[in-house]
Structure formats: structure tokens, C-alpha cells
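Q: Given only the sequences and the hints, what does the whole structure look like? Please build it.
Under the numbering used here, the residues of the sequence shown are numbered 1 to 233, in order.
No wet-lab data here; the hints were simulated from the structure. Check each hint, because a few of them may be wrong.
[Stated by the list, open to error] Below are the SDA-like pairs computed for lysine to any residue, each with C-alpha atoms no more than 20 Å apart in a straight line:
hint: 1; residue 1: Lys29; residue 2: Arg147
hint: 2; residue 1: Lys29; residue 2: Val144
hint: 3; residue 1: Lys137; residue 2: Glu126
hint: 4; residue 1: Lys69; residue 2: Ala114
[Said to hold, decoys possible] Pairwise CB distance ranges, derived in the manner of DEER restraints:
hint: 5; residue 1: Ser63; residue 2: Ser33; range: 40 to 48 Å
hint: 6; residue 1: Ala217; residue 2: Glu30; range: 41 to 49 Å
hint: 7; residue 1: Glu62; residue 2: Asp134; range: 31 to 39 Å
hint: 8; residue 1: Val56; residue 2: Lys130; range: 21 to 29 Å
hint: 9; residue 1: Glu115; residue 2: Lys46; range: 17 to 25 Å
hint: 10; residue 1: Leu132; residue 2: Leu79; range: 51 to 59 Å
hint: 11; residue 1: Glu131; residue 2: Arg102; range: 41 to 49 Å
hint: 12; residue 1: Ser33; residue 2: Glu62; range: 42 to 50 Å
hint: 13; residue 1: Ala99; residue 2: Glu131; range: 44 to 52 Å
hint: 14; residue 1: Ala166; residue 2: Arg22; range: 19 to 27 Å
hint: 15; residue 1: Arg193; residue 2: Asp42; range: 47 to 55 Å
hint: 16; residue 1: Gly36; residue 2: Ala217; range: 49 to 57 Å
Ideal Cβ placement from N, Cα and C applies to all residues, glycine included.
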Amino acid sequence: MTIAQSLLSLQDTDQALALKRREYREVEKELSSEGGLPELRDTCEKTRVRELEAKVETARLESDLATLKEQVAELESRLYGGAITNVRELTAIETEHSAARRNLAQIEESIAPAEVAAEHARQQFEDLTKELSDREKTWETRQVELRSEKAKRGTAFNEMLETRNAEASQIPEEDLARYTRLFRSNRGIAVVRVDRGVCQGCAVRLPVGELTRLRAADGPIPCSCGRALLTEQ
1 MTIAQSLLSL QDTDQALALK RREYREVEKE LSSEGGLPEL RDTCEKTRVR ELEAKVETAR
61 LESDLATLKE QVAELESRLY GGAITNVREL TAIETEHSAA RRNLAQIEES IAPAEVAAEH
121 ARQQFEDLTK ELSDREKTWE TRQVELRSEK AKRGTAFNEM LETRNAEASQ IPEEDLARYT
181 RLFRSNRGIA VVRVDRGVCQ GCAVRLPVGE LTRLRAADGP IPCSCGRALL TEQ
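A: Structure (C-alpha cells):
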């Protein structure tokens, strides 16, 4: 096998190896994501807290409502009971009564939306909890599948890597170093064929002098674009 043929074979192996590496990392990435469960758990916890806060707010409003009702009832008893006849005192009670009535109305208006918010948060938390439970069960199965797939792909990658290293060991160091540099800098293409005088990498027709030099060379020669090695083999 010529150097050109060895490099083309190595390139095929390296490209296949890159694909296997990408496939392995995809499985690894899905495993590390845990099927989106950490994010869902976080959302579930935030919803639980929101539900708790809504319940606390509703309870506070109900407590304030009860207190204000008692306050209004007491003020009305003092205001209309007839026991107080001092005009200044009656005026002060009337002012306090009006303020208490306004506060009472505001609380009454606030309770319904607070109860709706609490119920919405409760329902959302219930739905998310069920979704979390379902997805955890699904993930248990998927995780087993992914671990098995990861092991298979890892084995396949390692076996191909051994093949690649064996191929590379048969190539002169200088040629291998030049190939490796171009393979890394040119998105996985280091060696391209020349067909009918045209470089299949950059689609440029080679000058006669360069074509003659290629045919006289023992192995691939650098393309004038500097991005690949050329061979007619």
C-alpha cells in the first residue's frame, strides 16, 4: 500500500472515528441531562413554594377580615349605641369607622383573587408532581438503555481507535504529522483526490506543472490552497 493509499484509509478511519465519538458524546450528554428531571424538580419546588405562599396570604387576609369585621361591629356599637354623646368623640369614632369600613372592603376584594391564585398554584403543583413521577419512571427505563448504549458505543470507539493507531503506525512520521495538522484544521479532510486534473477538494484545475509534480512524487503533495494533500490514487 502506497503512502497516499495509507493516508486515504487513515482518513476514512478518522472520519468514522469522529462520528463514533460524536455518537458517544450524544449518549453521554443525554445521560448527564437526566431526561430534564433536575429542571422539572426545580420547577416543581418553586411551584410548591408559590402554593404555600398563596395559602399563607389567603390565611392572612381571612384573619384580617375577621379582625376588621369585629372592629367595625365594635365601632358601630359605640357609634349607634347612644352611650356616647360627646360630639368630638363621636366624630373621632365615625372617622375610625369609615377607615375600618374601607379597609374591610379592600380585604373582601382581595380574598377572592388570593383564593384563585392559591387554587391555581395547588393545581399546578399537583400536575407537575404527577408529571415528575411519570417522567422519573420513564427515565429509569431510559437510563438503563442509555448506559447499555454508552458501553456499546464506547467499546466500538475503542476498537476503532486501536485500528486507527495501527494504521497510523505504518505511516512515516513526517507524512503523519502533516496529515494530522491538516485533518484538524480542515474539518476532517486532509487528503483529496485529483480527478482528470481537478482537485476534488477545492474544485480547481491543477496547473500542468503541479500535475506533473504530483505524478512524479512518491506520495501526496500539498495543494496550492494549502488546505489539503493531493493524490491521484
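Q: If a hint holds in the structure, say so; if it doesn't, say that too.
A: Cross-check of the supplied hints:
1. Lys29 <-> Arg147: holds, 12 Å
2. Lys29 <-> Val144: holds, 15 Å
3. Lys137 <-> Glu126: The hint holds at about 17 Å.
4. Lys69 <-> Ala114: Answer holds: Lys69 to Ala114 is near 19 Å, not above 20 Å.
5. Ser63 <-> Ser33: 40 to 48 Å: holds, 45 Å
6. Ala217 <-> Glu30: 41 to 49 Å: Given a distance of about 47 Å, which is inside 41 to 49 Å, the answer is holds.
7. Glu62 <-> Asp134: 31 to 39 Å: At 35 Å between Cβs, range holds.
8. Val56 <-> Lys130: 21 to 29 Å: For Lys130 against Val56, whose Cβ atoms are near 24 Å apart, the range 21 to 29 Å holds.
9. Glu115 <-> Lys46: 17 to 25 Å: Holds, at about 21 Å.
10. Leu132 <-> Leu79: 51 to 59 Å: holds, 56 Å
11. Glu131 <-> Arg102: 41 to 49 Å: holds, 44 Å
12. Ser33 <-> Glu62: 42 to 50 Å: holds, 43 Å
13. Ala99 <-> Glu131: 44 to 52 Å: holds, 47 Å
14. Ala166 <-> Arg22: 19 to 27 Å: Because 22 Å falls inside the window, the suggested range holds.
15. Arg193 <-> Asp42: 47 to 55 Å: Given a distance of about 53 Å, which is inside 47 to 55 Å, the answer is holds.
16. Gly36 <-> Ala217: 49 to 57 Å: holds, 55 Å
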